[in-house]
Amino acid sequence: MKYRDYYKILGIAPTAEADEIKRAYRKLARKYHPDINATSEAEAKFKDVNEAYEVLKDPERRAAYDQLGKPEAGAQGGFRPPPGWEGGFEFSSSSPADAESFSDFFETLFRRQGQPFGRAESGQGRDQHARLQLDIEDAYRGDASVLTLRIPQVAADGTVQLQERSIAVQVPKGITEGQHIRLPGQAMPPLGGGTPGDLFLEVSFAPHPVYRAVGRDLHLELPVAPWEAALGGKVMMPTPDGKVALTIPANARSGQKLRLKGKGLPGTPAGDIFATLRIVNPKVTTEEARRVFEQMAREVPFNPRAGIGG
Amino acid sequence: MKPAKAKSTVIVSLTLEELCRFCHADRSWVIELVDHGVLEPEGASIQNWRFHSVSIARAKKARRLNRDLGVNAAGIALVLDLLAERDEMLRRLASFEEV
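Listed in order, the protein sequences are those of chains A and B.
Under my numbering, residues 1 to 310 are what the first sequence spells out, in order.
Under my numbering, residues 1 to 99 are what the second sequence spells out, in order.
Please keep in mind that the hints were generated in silico from the structure rather than gathered at the bench.
Glycine included, C-beta positions come from ideal geometry on N, C-alpha and C.
All clues stand as given, with none of them false.
Simulated pairs of lysine to aspartate or glutamate, EDC-like, Cα-Cα distance not exceeding 16 Å: (1) K2(A) to E107(A); (2) K263(A) to E137(A); (3) K47(A) to D68(B); (4) K261(A) to D241(A); (5) K47(A) to D35(A); (6) K45(A) to D68(B); (7) K173(A) to D143(A); (8) K22(A) to D58(A); (9) K31(A) to D68(B); (10) K57(A) to D68(B); (11) K31(A) to E43(A); (12) K173(A) to D135(A); (13) K7(B) to D198(A); (14) K27(A) to D68(B); (15) K7(B) to D143(A); (16) K22(A) to D68(B); (17) K173(A) to E137(A).
Cβ-Cβ distance ranges computed for the label pairs, FRET-style: (18) R27(B) to T276(A): 40 to 48 Å; (19) K7(B) to Y3(A): 42 to 50 Å; (20) G233(A) to L90(B): 31 to 39 Å.
Assemble the whole structure, with the sequences as input and the hints as a guide.
Have a look at this one:
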C-alpha cells in the first residue's frame, strides 16, 4: 500500500486552518473537474483532490491521519498502518452516495468500519452509473465490449477490498455519443440481500484520427489533388464501413463541404458523412511534374491574390 | 472473474420522474434546468415531458457540477454554453494546427 500525502495533493501546509483547506480544495476541484477539464489526467487528479479533502475536512479523520505520520524517506516495502490503528476511531461516511472508490490507502484506513458507499443495506438496490468509451467503428458494427468495474466489496473478515468485475456488453448498432445503455439488475446487490439496481453506461467515443461524430453524422477532412478539385469526378473516400466513391464537383473549393447521405452511423434515419475538402499540392520532385506546373503557370491566367488587392 | 453476459437496451427517452431517479435529483431542480434552457424536453406539459439522450447526458453533467462545485441552475446554463463554445474553438484550433 502506498502512503498518500494529502497535504501535498491539496498544496497546503500540514498546519493549514480549516478555511484554508476548503479554499484549496474548491480551487483545485474547479480546475480538475472532469466535465470542465478535458485533459487526460484531470479525472485522476480530481479523484485525488476529493480523496484528500474527504480526509482533511473532517477533524476526526484529519487527527487520525496526522497521527499516522509520514513514512520515513526511502522506507521499503510500502506503507503499513501502525499497530493499534483500528482502535478508537469511528468514521461516518459523508461522501455522495455515488462516490467512486478511492485509493487502497483510503479504503483500508478510513472505510474499514463503515460500509462502502453506493450500496443500500437491503431491499431495493441502488442504480449504478459508469462510462463506456467506444471506438466509432464499434458503434457502426454493434460489437461486444468488455467493461471492467472496480467495486468495493466487503470480505468475510469485514474488511473492504476492491474487486474487479467484468461485464460483457453488447453495444447496440448505431449508438451515439451521450446515449445511455441500461443493464437491468446488473448493479451491485444490496449488502443484506435483495434486488440489485440497474447499471447505466454513458457512451462516449474515443478521439478518432479521421472522423468526428456529431449525433449520427460523421465529419472528416478529405484531402484532394488540385486537378481533382479543378476537374471534378469520383474519388475514393474512407468510411468506417469501407471505401465509397464520392463525386467531387468541378471547380471545388478548399473548405467546401460535401454530404454523403445515409453513410453516417446506422439508424432510422441513418446519419450522413460530411467531408470538408482540403486541396493538397503534390511535391514537385520530377522533371515531368515541374514541366506540367511550369506550363500551367504560363498558360492558366490566375491570380489567387486578386481578392486581397495583391 | 469471467465476464457475465448482460442484456442491454438503449435508453430512448425518460419521463420527468425517471430522469429524477436517474440522476438523483428532485423535480423542482430538473424543472429549473428546463426553465434555464439547459434541458429541452419534448412535450407541451410537464406530465408529457420526454427527455432524450442529449438532455439526459446534460442532466447528469449538470448534477455533477451542482454536487461537486456547488453551481446553481443559472451558473450551470452559463458553464455549459461556455464549454460548448470552448470545445468548438479547440476543435477549430486543432484543425489549423494539423495543416
